[in-house]
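S.K.: Sequence:
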Amino acid sequence: AAPTPSPSMMPTTQEEYDQETYCRNTIANTSTETLLKANYTSMEDAFDHDTWGHANYACAKLLLEEYEQYDKAEPYLWCVFDHCAECDGTAASCQTRSVGLYTESECNSATWNYLGFATRSKSEPEY
117 AAPTPSPSMM PTTQEEYDQE TYCRNTIANT STETLLKANY TSMEDAFDHD TWGHANYACA
177 KLLLEEYEQY DKAEPYLWCV FDHCAECDGT AASCQTRSVG LYTESECNSA TWNYLGFATR
237 SKSEPEY
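Residues in the sequence shown are numbered consecutively from 117, following the working numbering.
Simulated from the structure, these hints should not be mistaken for laboratory data.
Where hints are given, some of them may not hold.
To be verified - Taking lysine to aspartate or glutamate and the EDC-like style, the derived pairs with C-alpha atoms no more than 20 Å apart in a straight line are:
1) K177 with D187
2) K153 with E181
3) K177 with D164
4) K238 with E220
5) K238 with D161
6) K238 with E202
7) K238 with E160
8) K238 with E222
9) K238 with D166
10) K238 with E149
11) K177 with E202
12) K153 with E182
13) K238 with E182
14) K153 with D134
15) K177 with E136
16) K238 with E181
17) K177 with E222
18) K238 with D187
19) K153 with E220
20) K177 with E220
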């Protein structure tokens, strides 16, 4: 029997490719301070999505796992939460589709998990 192929980490759609490319070329290479609004009250509303576009889970994953940009990932992940409500159980609707999660509760859970990891891993950890 032929070996079972392992899942590909490569983007599977043009949209995913564009998001990954934008994340690598822009978000990952822009300082955290530049990505934040001029005035914000907490990390929950700090990411300037009007300037930099809406956050997405796949980019947050890259910021944490590949680039180890924990301080940057925290405000970015708060923006991801806003999009979990769009998850209706289908792959097309959900931020976490790249990791096989399609419901609002799964998206929230995965995002909380990464947010906890980011806050404990950043330059001044919060426990």
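S.K.: Against each hint, give a clear statement of whether it holds in the structure.
M.R.: Going down the list of hints, with the structure as the test:
1. K177 with D187: holds, 13 Å
2. K153 with E181: With Cα atoms ~25 Å apart, K153 and E181 exceed 20 Å; violated.
3. K177 with D164: holds, 19 Å
4. K238 with E220: Violated. K238 to E220 sits at ~27 Å, over the 20 Å cutoff.
5. K238 with D161: It holds: about 18 Å lies between the C-alpha atoms, which stays within 20 Å.
6. K238 with E202: violated, 29 Å
7. K238 with E160: Roughly 16 Å between the alpha carbons, so the hint for K238 and E160 holds.
8. K238 with E222: Between K238 and E222 the Cα gap is close to 24 Å, so the pair fails against 20 Å, i.e. violated.
9. K238 with D166: Between K238 and D166 the Cα gap is close to 25 Å, so the pair fails against 20 Å, i.e. violated.
10. K238 with E149: holds, 15 Å
11. K177 with E202: holds, 19 Å
12. K153 with E182: The hint is violated at about 25 Å.
13. K238 with E182: Holds: K238 and E182 sit about 14 Å apart, inside 20 Å.
14. K153 with D134: Between K153 and D134 the Cα gap is close to 24 Å, so the pair fails against 20 Å, i.e. violated.
15. K177 with E136: holds, 10 Å
16. K238 with E181: holds, 13 Å
17. K177 with E222: holds, 15 Å
18. K238 with D187: Roughly 5 Å between the alpha carbons, so the hint for K238 and D187 holds.
19. K153 with E220: violated, 27 Å
20. K177 with E220: holds, 18 Å
When held up to the earlier numbered hints, the structure conflicts with 2, 4, 6, 8, 9, 12, 14 and 19 and fits the remainder.
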